[in-house]
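Make the full structure from the sequences, and use the hints.
Line order of the protein sequences matches chains R and A.
Heads up: the first sequence at position 79 corresponds to 79 in our numbering, and the numbers run straight through without jumps.
Heads up: the second sequence at position 35 corresponds to 35 in our numbering, and the numbers run straight through without jumps.
Don't take each hint at face value.
Some chain A residues judged to face chain R by a derived CB distance under 10 Å, without partners named [said to hold, decoys possible]: (1) Gln41; (2) Thr47; (3) Val89.
Note that these hints are calculated values from the structure, not bench results.
C-beta: ideal position from N, C-alpha, C; glycine also.
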Amino acid sequence: GQQLNQSPQSMFIQEGEDVSMNCTSSSIFNTWLWYKQDPGEGPVLLIALYKAGELTSNGRLTAQFGITRKDSFLNISASIPSDVGIYFCAGRNTGKLIFGQGTTLQVKP
Amino acid sequence: GAGVSQSPRYKVAKRGQDVALRCDPISGHVSLFWYQQALGQGPEFLTYFQNEAQLDKSGLPSDRFFAERPEGSVSTLKIQRTQQEDSAVYLCASSLPGSYEQYFGPGTRLTVT
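Spelled out as structure tokens, the structure:
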């Protein structure tokens with residue numbers, strides 16, 4: 001099925017570093033969402049974006065909805081060990097979500 | 001308050017068996033979604049309901065897959081004559097009326113042997 005292109009696929013960083021990941025699509029989306037998934041659990045919603053150009057923060061997380069409506073990025077500042085997990089972007093049109101392949105983040109204490 | 005719950009959390013089925021997976025959405029959430037997540041991949045849409053109406057079932061991979069939500073709350077995803085390629089995590093999500101934010105349950109991991 002259709003999926004978004006998410007990069008990088010994985011990251012291994014030192015605690016305290018900043019992280020950036022992004023998501024691109026050939027299709028326009030009206031809403032972008034970012035989720036985090038821990039092993040054996042369902043995705044947890046981090047940030048939702050509703051307008052092109054919108055920049056939204058949630059604690060150490062910042063996400064932007066691209067002007068073209070075909071991309072989004074997520075930044076995590078000052079990473080901590082509990083940031084470890086898989087991060088997914090998702091674009092929404094007509095109800096359903098289309099997900100990226102995920103970015104696996106590992107944080108070295 | 002309670003989140004989305006799913007049962008069972010794990011299911012092992014022999015090839016050819018039928019299975020039924022249950023989802024209890026968050027109270028008051030009228031929209032309910034089913035997704036399939038293969039190992040190492042992002043979730044893929046299967047179907048969605050608004051109240052009891054199934055508005056989109058375009059993601060169901062074959063006519064062996066069937067979903068229902070007869071009273072507009074609990075939903076069941078049924079897979080008939082399971083095949084090995086059906087092995088995956090099945091995720092359920094729900095959302096409030098007018099909201100685009102979907103909240104996920106923990107999933108059911110189905111293994112077909």
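query: Hint by hint, which ones does this structure get wrong, listed from lowest number up?
result: none
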